[in-house]
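J.: So you can see what is in the structure, the chains are spelled out below.
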Amino acid sequence: EAGVTQFPSHSVIEKGQTVTLRCDPISGHDNLYWYRRVMGKEIKFLLHFVKESKQDESGMPNNRFLAERTGGTYSTLKVQPAELEDSGVYFCASSHTPWTEAFFGQGTRLTVV
Amino acid sequence: GESVGLHLPTLSVQEGDNSIINCAYSNSASDYFIWYKQESGKGPQFIIDIRSNMDKRQGQRVTVLLNKTVKHLSLQIAATQPGDSAVYFCAVGGSNYKLTFGKGTLLTVNP
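Line order of the protein sequences matches chains A and B. Residues in the first sequence are numbered from 1 upward in steps of one, following my numbering. Residues in the second sequence are numbered from 114 upward in steps of one, following my numbering.
Next up, chain B with everything else stripped away, as it sits in the complex:
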């Protein structure tokens, strides 16, 4: 089966800095990767996804990088804002369509 590990459970950054949140996965057959943001009292909110045939994808202020060689996934947030404070989850999917989640990184943005 798949397991998803997290490098840091918490991350604290200054407003305006760039944030990098990391994730590692175990199953080399995994081919779908998603980042979710969860604010207090809400469900996970989709941020960005990437498939295994890509190694980088950009959205608005966010970039996801995928390194299949070392089975590593990262989320970069540019110019981090106080509204970015939340728990960030990576999730990994394979051919069975179910997602395996990491435990989450709590991002705190200091003004």
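Next comes chain A alone, as it looks inside the complex:
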């Protein structure tokens, strides 16, 4: 069974540009989560999808971040325009139900210069 996959693994962009991160969850997992880890800090929750609906987006930093999950399959996280403080590792995770173990992808390392 394929795990959670994220694309790209690394991205370096200039301040003001747009970047789109993609996450393919484990097939059949209705719950999809985005987290990020800024350098030196803990992993922080961004948002939670149940199928295509946003269950909780309380962790999204501001309106420069837009997450979508069309059709309840893969998800994208767009940052537009990117700022320096957006640099970090963005993780996606998926689970069958909210209270079962969440499987994490390898993360996308975003560097804004």
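To be clear, the hints were calculated from the coordinates, so they are not data collected in a lab. Certain hints may be false.
[Unchecked claim] Selected chain B positions facing chain A (Cβ under 10 Å, derived; list incomplete): (1) Val117; (2) Ile147; (3) Tyr149; (4) Gly154; (5) Pro157; (6) Gln158; (7) Phe159; (8) Asp162; (9) Ala204; (10) Asn209; (11) Tyr210; (12) Lys211; (13) Leu212; (14) Gly215; (15) Gly217.
[Stated by the list, open to error] The following label-pair restraints were derived from C-beta to C-beta distances: (16) Ser53/A / Gly154/B: 16 to 24 Å; (17) Met167/B / Gly3/A: 25 to 33 Å; (18) Arg64/A / Asp130/B: 42 to 50 Å; (19) Pro195/B / Lys51/A: 24 to 32 Å; (20) Val12/A / Leu219/B: 23 to 31 Å; (21) His185/B / Arg22/A: 26 to 34 Å; (22) Gly72/A / Gln158/B: 23 to 31 Å; (23) Pro195/B / Glu101/A: 24 to 32 Å.
[What the hints assert, rightly or not] Residues of chain B placed beyond 10 Å of chain A at every Cβ, according to the derived structure: (24) Leu121; (25) Val126; (26) Gly129; (27) Asn140; (28) Ala142; (29) Asn166; (30) Gln171; (31) Gln173; (32) Val175; (33) Gln194; (34) Gly196; (35) Leu219.
Note that this is a predicted model, so its numbers are computed, not measured. Note that beta-carbon positions come from the ideal geometry of N, C-alpha and C, so glycine has one too.
Place chain B on chain A using the hints.
T.: Leaving out everything else, chain B in the frame of chain A:
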């Protein structure tokens, strides 16, 4: 909200010894607790979880202990091996299904 603190950012042990990694949380309403292992260049990997109606759970070479009275969580690794070297995170969940992570403990196993 929830906050998760860590007792030690690094831990160094000898191969074969037992390791204990600790975590403290703040919200007494939290009811789901997980330990993750993260190796360099990889995402967090699930190790073991425990719900608030339990105080101990065992897996293969790992044991999680939960003390709700003092809001403390620990991960015990028996007979630590070099392959156990990684960063270990505790994460705490409540009714809103989102996890709050600690900063992580870097475990180094010396041969």
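J.: Hints first: check each against the structure and report whether it holds.
T.: These are the hints, each one checked on the structure:
no.: 1; hint: Val117; verdict: holds (7 Å)
no.: 2; hint: Ile147; verdict: holds (7 Å)
no.: 3; hint: Tyr149; verdict: holds (8 Å)
no.: 4; hint: Gly154; verdict: holds (7 Å)
no.: 5; hint: Pro157; verdict: holds (5 Å)
no.: 6; hint: Gln158; verdict: holds (7 Å)
no.: 7; hint: Phe159; verdict: holds (4 Å)
no.: 8; hint: Asp162; verdict: holds (6 Å)
no.: 9; hint: Ala204; verdict: holds (8 Å)
no.: 10; hint: Asn209; verdict: holds (6 Å)
no.: 11; hint: Tyr210; verdict: holds (4 Å)
no.: 12; hint: Lys211; verdict: holds (4 Å)
no.: 13; hint: Leu212; verdict: holds (6 Å)
no.: 14; hint: Gly215; verdict: holds (6 Å)
no.: 15; hint: Gly217; verdict: holds (7 Å)
no.: 16; hint: Ser53/A / Gly154/B: 16 to 24 Å; verdict: violated (32 Å)
no.: 17; hint: Met167/B / Gly3/A: 25 to 33 Å; verdict: holds (27 Å)
no.: 18; hint: Arg64/A / Asp130/B: 42 to 50 Å; verdict: holds (47 Å)
no.: 19; hint: Pro195/B / Lys51/A: 24 to 32 Å; verdict: violated (42 Å)
no.: 20; hint: Val12/A / Leu219/B: 23 to 31 Å; verdict: holds (26 Å)
no.: 21; hint: His185/B / Arg22/A: 26 to 34 Å; verdict: violated (38 Å)
no.: 22; hint: Gly72/A / Gln158/B: 23 to 31 Å; verdict: holds (25 Å)
no.: 23; hint: Pro195/B / Glu101/A: 24 to 32 Å; verdict: holds (25 Å)
no.: 24; hint: Leu121; verdict: holds (15 Å)
no.: 25; hint: Val126; verdict: holds (23 Å)
no.: 26; hint: Gly129; verdict: holds (28 Å)
no.: 27; hint: Asn140; verdict: holds (14 Å)
no.: 28; hint: Ala142; verdict: holds (15 Å)
no.: 29; hint: Asn166; verdict: holds (12 Å)
no.: 30; hint: Gln171; verdict: holds (16 Å)
no.: 31; hint: Gln173; verdict: holds (15 Å)
no.: 32; hint: Val175; verdict: holds (14 Å)
no.: 33; hint: Gln194; verdict: holds (22 Å)
no.: 34; hint: Gly196; verdict: holds (18 Å)
no.: 35; hint: Leu219; verdict: holds (13 Å)
In summary, the structure is inconsistent with hints 16, 19, 21 from the numbered list given earlier, while agreeing with the others.
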